[in-house]
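Protein chains in written order, with the numbering used here: chain A, 1 to 316; chain B, 1 to 316.
Source of the hints: derived by calculation from the structure; they are not laboratory data. Do not rely on the hints blindly, as some may be mistaken.
Taking CB as the label site, the calculated pair distances span [said to hold, decoys possible]: (1) B/GLY153 / A/GLU86: 26 to 32 Å; (2) B/GLY153 / A/ASP41: 34 to 40 Å; (3) B/THR188 / A/ALA306: 57 to 63 Å; (4) A/ASP128 / B/ARG230: 48 to 54 Å; (5) B/ALA265 / A/ASP41: 46 to 52 Å; (6) A/GLY153 / B/ALA38: 34 to 40 Å; (7) A/GLY64 / B/GLY52: 38 to 44 Å; (8) A/ARG157 / B/GLU218: 22 to 28 Å; (9) A/ASP190 / B/ALA26: 54 to 60 Å.
A few chain A residues that don't get close to chain B, going by computed Cβ distances all over 10 Å [claimed, not checked]: (10) ASP41; (11) ALA166; (12) PRO192.
For glycine and all other residues, C-beta sits at the position ideal for the given N, C-alpha and C.
2 protein chains.
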Amino acid sequence: MTSAVAPTAPLTHAVSESPSQIAAFADWMPAVQAHIEAALDRFLPSSDAIPGRLHDAMRYVSLGGGKRVRPLLAFAAGELTGAPLERLEAAACAVELIHVYSLVHDDLPCMDDDVLRRGRPTCHIEFDEPIALLVGDSLQTCAFELLTHDVFGDPARQIEMIRLLAHASGSLGMAGGQAIDLGSVGKTLDQPELELMHALKTGALIRAATLLGALCGEAMSADARNALDRYARRAGLLFQVVDDILDCTANTATLGKTAGKDAAADKPTYVSLLGLSGARHFAEELRAESLDALRVFGARAERLIALTDFITHRKF
Amino acid sequence: MTSAVAPTAPLTHAVSESPSQIAAFADWMPAVQAHIEAALDRFLPSSDAIPGRLHDAMRYVSLGGGKRVRPLLAFAAGELTGAPLERLEAAACAVELIHVYSLVHDDLPCMDDDVLRRGRPTCHIEFDEPIALLVGDSLQTCAFELLTHDVFGDPARQIEMIRLLAHASGSLGMAGGQAIDLGSVGKTLDQPELELMHALKTGALIRAATLLGALCGEAMSADARNALDRYARRAGLLFQVVDDILDCTANTATLGKTAGKDAAADKPTYVSLLGLSGARHFAEELRAESLDALRVFGARAERLIALTDFITHRKF
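Use the sequences and the hints to build the structure in full.
Encoded structure:
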């Protein structure tokens with residue numbers, strides 16, 4: 001028999017505590033981030049596994065940094081449906097690995113040719129270009145392998161989740177958005193064109209993170225799912241508008257990546273289209289629309305509401 | 001009522017005829033290849049879909065060429081378990097898209113820097129490097145999305161197939177083999193090291209193609225599955241040994257890709273390790289071991305046997 005031991009110092013939220021049991025958003029966010037860090041560490045192949053250099057590089061780009069916005073969205077959406085932790089971990093890490101792979105390939109010399117990411121040298125700088133290419137390729141594969149893990153319960157639902165993530169990541173989603181972005185340099189896009197590009201490039205994966213999180217729990221009604229989808233689409237755009245604002249207002253040290261590079265590359269952004277105050281106004285509008293979509297969920301959406309406010313007002 | 005019409009000329013095998021109904025290997029192979037071509041054309045996003053240039057490039061690299069060895073293996077293995085055509089098409093195309101993505105990334109300047117593939121300019125030559133990067137990324141995603149299609153019947157089996165393909169493609173499979181290959185340039189590998197590299201780089205996907213084809217049909221006994229796995233591992237190695245022989249004996253026009261490039265790049269091959277006649281002898285040994293593994297299947301393995309002979313004696 002074990003006896004209860006009274007703690008002599010205030011407990012910090014350990015990785016083993018379920019984020020869904022934590023009340024305050026300020027405590028919840030680092031707890032989820034710590035969970036994701038630990039889960040990625042567990043899911044990624046060990047550096048001891050052959051080929052060690054590739055696995056080292058996969059771990060270098062995936063661990064030890066990042067806001068983990070997509071995992072946070074998955075966890076927050078999971079609270080709408082009472083999703084169990086082990087499912088949320090696998091689903092959130094799968095989305096994060098897709099995101100990280102896209103960053104590694106985006107930073108390559110033939111794309112953005114960037115040297116700084118999350119405050120550290122980019123993968124092809126720290127390792128080399130061929131390894132960075134294979135790291136991106138392997139992280140994408142790892143994401144889909146993760147979604148085949150034996151924790152999701154219903155295999156039919158699991159297939160739906162894999163389909164959703166694949167569609168959001170591929171040529172009709174994130175990668176397609178990057179291709180439009182490549183073709184847009186030096187061009188003037190109007191607002192609908194810019195929205196399509198971002199809906200694919202950033203929005204599709206943000207939406208997938210949110211829906212996958214909710215799909216980890218109890219089945220939703222069609223109405224609830226539509227409302228969450230409406231939320232996820234607006235939140236995805238909101239995230240991008242705020243990113244554009246930060247790209248021209250924050251400095252490189254705060255962002256942990258090269259600031260001002262969109263303007264330098266003559267890429268169209270919401271700031272170049274609407275001006276800084278116009279972009280800020282648009283962000284507020286999107287925030288209001290996002291929160292409006294969450295009304296049907298009542299108190300269960302508290303975490304998503306707080307996360308939306310965080311996304312709107314973040315400084316990095 | 002329709003009356004039977006006697007054909008005035010010998011019928012050629014149309015794309016609509018199921019390959020499993022065709023007796024002769026010489027007829028079966030082009031029929032499967034035509035099926036794969038048509039299925040890929042159907043599965044890949046249309047060039048009309050935004051972004052058109054990315055979809056054009058995905059179609060350019062995937063359609064109109066290739067021996068389709070992996071799809072042929074999937075179809076031949078499918079005959080062991082009576083696999084239906086629509087499942088075989090989806091599974092075989094998924095494996096082929098993984099293969100094509102790996103070729104596109106392998107040909108990039110930071111990897112093999114090759115200009116010729118399947119007798120045509122490589123993707124980054126015909127389009128450009130950023131598009132070639134996104135083409136590879138998107139084809140990988142497309143492969144996994146294909147395996148979520150609603151044709152496979154049992155979702156649990158479908159999850160197993162996705163897991164198998166992911167494991168075969170990622171850092172512990174094909175991409176891992178490429179990383180070992182990168183690290184091996186200018187080194188002398190012994191035979192076990194060379195076998196590990198090829199077991200991952202080429203063998204893993206050949207094995208996956210074979211097992212996925214069989215998984216499209218009736219469930220196999222554990223013994224049958226083990227025998228097929230033994231076949232698939234030996235056949236994967238056989239394919240690579242023959243590739244190494246052709247790389248130093250065939251010319252560029254016949255291969256449709258740059259001949260002699262492994263030797264030029266000082267990469268270890270079976271020919272550099274065993275000499276040309278030693279490599280040929282090893283290929284015959286592997287062929288015998290492969291066929292031995294198929295004995296348990298009796299007459300149902302006829303197609304796999306014929307395909308193994310084709311792989312052994314191919315000239316390109």
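Closest CB of chain B to the CB of A/ALA166 still more than 10 Å away: violated, 4 Å
Between the beta carbons of B/GLY153 and A/ASP41, is the distance compatible with 34 to 40 Å? holds, 36 Å
Range first: 34 to 40 Å. Now tell me if the beta carbons of A/GLY153 and B/ALA38 are that far apart. Hint holds: Cβ distance 37 Å, inside 34 to 40 Å.
Minimum C-beta separation from A/ASP41 to chain B exceeding 10 Å: can you confirm that? Its Cβ never comes within 10 Å of chain B, the nearest being 15 Å, so this holds.
Check the following: the C-beta atoms of B/THR188 and A/ALA306 are separated by a distance inside 57 to 63 Å. The hint (57 to 63 Å, Cβ to Cβ) holds, given that B/THR188 and A/ALA306 are roughly 59 Å apart.
Could you tell me whether the CB distance from A/ASP128 to B/ARG230 stays inside 48 to 54 Å? violated, 37 Å
38 to 44 Å as the expected CB spacing between B/GLY52 and A/GLY64, which holds or is violated: holds, 39 Å
Would you assess whether A/PRO192, listed as outside the interface, keeps its beta-carbon beyond 10 Å of every beta-carbon in chain B? holds, 12 Å
Taking 54 to 60 Å as the stated bounds, is the beta-carbon spacing between A/ASP190 and B/ALA26 within them? Given a distance of about 57 Å, which is inside 54 to 60 Å, the answer is holds.
Between the beta carbons of B/ALA265 and A/ASP41, is the distance compatible with 46 to 52 Å? The hint (46 to 52 Å, Cβ to Cβ) is violated, given that B/ALA265 and A/ASP41 are roughly 36 Å apart.
A/ARG157 versus B/GLU218 beta-carbon gap, inside 22 to 28 Å or not: Because 25 Å falls inside the window, the suggested range holds.
Honestly, do B/GLY153 and A/GLU86 meet the 26 to 32 Å range at C-beta? holds, 27 Å
Checked against the numbered hints above, the structure violates hints 4, 5, 11; every other hint is satisfied.
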